[in-house]
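Participant: Respectively, the protein sequence lines represent chains B and D.
The first sequence begins at 1 in the numbering used here and counts up one residue at a time.
The second sequence begins at 1001 in the numbering used here and counts up one residue at a time.
If you are wondering where the hints come from, they were derived from the structure by calculation, not from laboratory data.
Glycine residues also receive a C-beta, built at the ideal position from the N, C-alpha and C atoms.
Watch out, some of these pointers could steer you wrong.
Stated by the list, open to error - Each pair of labels, with its calculated beta carbon distance range:
no., chain 1, residue 1, chain 2, residue 2, range
1, B, Arg26, D, Leu1289, 43 to 49 Å
2, B, Val123, D, Ser1075, 23 to 29 Å
3, B, Asn278, D, Gly1218, 20 to 26 Å
4, D, Glu1288, B, Asp196, 37 to 43 Å
5, B, Arg198, D, Ser1012, 54 to 60 Å
6, B, Ala175, D, Ser1012, 48 to 54 Å
7, D, Phe1026, B, Gly213, 35 to 41 Å
8, D, Ser1335, B, Ala175, 53 to 59 Å
9, D, Glu1288, B, Val123, 34 to 40 Å
10, B, Phe119, D, Gly1029, 21 to 27 Å
11, B, Trp32, D, Asn1208, 28 to 34 Å
12, B, Ala175, D, Ser1281, 33 to 39 Å
13, B, Thr195, D, Ala1086, 21 to 27 Å
14, D, Tyr1217, B, Arg198, 23 to 29 Å
Unchecked claim - Chain D is nowhere near these chain B residues, computed Cβ spacing over 10 Å in every case:
no., residue
15, Phe31
16, Ile53
17, Ala67
18, Asn79
19, Asp124
20, Val126
21, Gly148
22, Leu178
23, Arg183
24, Glu184
25, Phe185
26, Ala187
27, Val191
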Amino acid sequence: MDDLFGMEAARGWESDEQFGSIVIRRLGPGFWLAAAWIVFIVTAAALAPWLPIADPNETGVGGRMEAPGWSNWFGTDNNGRDMFARTIWGARVSLVVGFMSILLGIFVGGTLGMISGYFRGMVDRVISFVVFVLLAYPGLVLALLIVGLAGQTLPIVATTLGILAIAPIARLSRATTLAYAEREFVAASRVLGATDQRIMVHELLPNVLIPMGALTLLGMAITIVAEGGLAFLGLSVEEGFSWGKMIVLGSAPRTLREGPWVAMFPIGAMFVTVLSLNYAGDRLREYFDVREIGIGQS
Amino acid sequence: MAGSGTAQLRESDKMVLRVENLVMEFPAGIHQVVHAVSDISFDVQRGETLGIVGESGCGKSTTARAIVQLPKPTSGTVLLDPGTDAEIELTAKEGEELRAIRPRIQMIFQDPISSLNPRRRVRDIVAEGLSIWREEYPDVDVEAQVDEVLTAVGLDPEVAASRRPHQFSGGQCQRISIARALALNPEILICDEPVSALDVSVQAQIINILEEMKERYGLTLIFISHDLSVVRNVSDRVVVMYLGKVCEVGDSNTLFSEPAHPYTRVLLASAPEPSAVVDESESAIGDELPSPMDPPSGCRFRTRCPRTTGLCASEEPVMAKVGLDHFVACHFPGSP
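Here chain B stands alone, though its shape is the one from the complex (with noise of 0.2 Å):
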């Protein structure tokens, strides 16, 4: 009878490699193409240095505020300079800041939230209230602040996002582990003699990473536009150029006249990474809130 029980589970169990082309099928081509836009621009903005593109600060690679043809495909802006190359060259600085605030976002921010969403009672109320007054302090007068303080450096920039990202996020862990901490397997850990420690990491944060997974995706949309915003206020990374201080380059009057490429490219390649990005991060979290709805059902 034992054994029996052993083939009748076996039967209805799918092996982990169809568990694998099912997720692929179910998150459908758009996902696939807007990750495969994400793929793309990472890993060109990683080997920028090493392709076989121009120097985007080298002058006169071409005429000055030349079309795009042949030999620039993007055009050149009003110095001749190569504005694929430029293009390229920008996503490091717009990329890097936007993965860079993310992530610290989501440690602070992810680990706060699970802290206060566990231990509840005081803990919590303090936690809280900061994540409260952070969400009402005006994110671009603290951006403005920290930047024109501490100095327009990508650490200091990537970190000034992050900050900013900490209080949603950590609103987001606190609602999840919430959840979570109510279930049984949590006291089920707590019976066996598990410490706070080891329930947070081994029961609790394997489930809270799932949504913060796809928030990675949506948090970076949101600080590649807002690193945008600060470059139009003159306030992003002094040295090198992101997308958005292209764009600013790109959009003074006369340019935008006599060559509208300039900026027409580097917001494109922020509008569809933003898309890609905001897209697939949504398809992924309603993806993966139905599997836990589906979980709670079967």
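Given chain B, work out where chain D should sit, using these hints.
Facilitator: For chain D alone, coordinates are given in the frame of chain B:
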């Protein structure tokens, strides 16, 4: 009773657990308190199965959680090995000291799906206890122990161990929960409505497994259920609870053949197949369960009791002996 008193406690050194005057109250809003469990006492003999029965909201699960100090009771004591040299007062232990005793009492919960972490593999779930206490059990072969308990609960370790919980049915999840609890070789296994969420056909399988495991690992079981027939089948001794109080305690056979408390009689009469010792008319029970925030004075059952008098409202009945191993808290016990 629904009443207080400790007459039902047995003087013996064979007891493995004694719960004395346990009170559990939760704050609810301003100046309001939920009286979930109010002054209950019972004991469990080593190797015995104690059934705790009562309708939803009577404090059964709260009692189970209070025994494992999750959370700590408002007052009262929970003693392990009472009256012996090894006596441990669980309610007096905190932090690391309490944690060190935890492996001795394990628990199985009602919801088989919520009991297992959806993100972990069955092998890790079952091995969790052993990996928490790895330093205390350096000689234990974790793999072998996991395989053994999985096999014991009727799962094939080779197929099951690498799967995740959502790939199993409710009954299989409950088997995994049992395996997880057994991996630490506990003395006491508290089963909090372990079959309530399962199909009737699967219920019997799980109960059989629990009985087998009890024999095999020498467990003492505390079996909590609202289902009288289930409790009757598995228990040696039964505690009937109503609104946070104990109504009747006794040897399973005695209690079911000569129910003395009107509430026990109501439970028996309202079962799908009413017991012959009660009349079906006795199942009539007025009103909803009163609010545990404002329980009735005197006997808590009086608002729904067919025998209620002025005495029941003014004075709370105390546990009294009515048979060899049969105790009841009622001013007017016995058949009507």
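Participant: Identify every previously stated hint that the structure contradicts and give their numbers, smallest first.
Facilitator: Result: hints 3, 5, 11, 12, 23, 24, 25, 26, 27 break, sorted rising.
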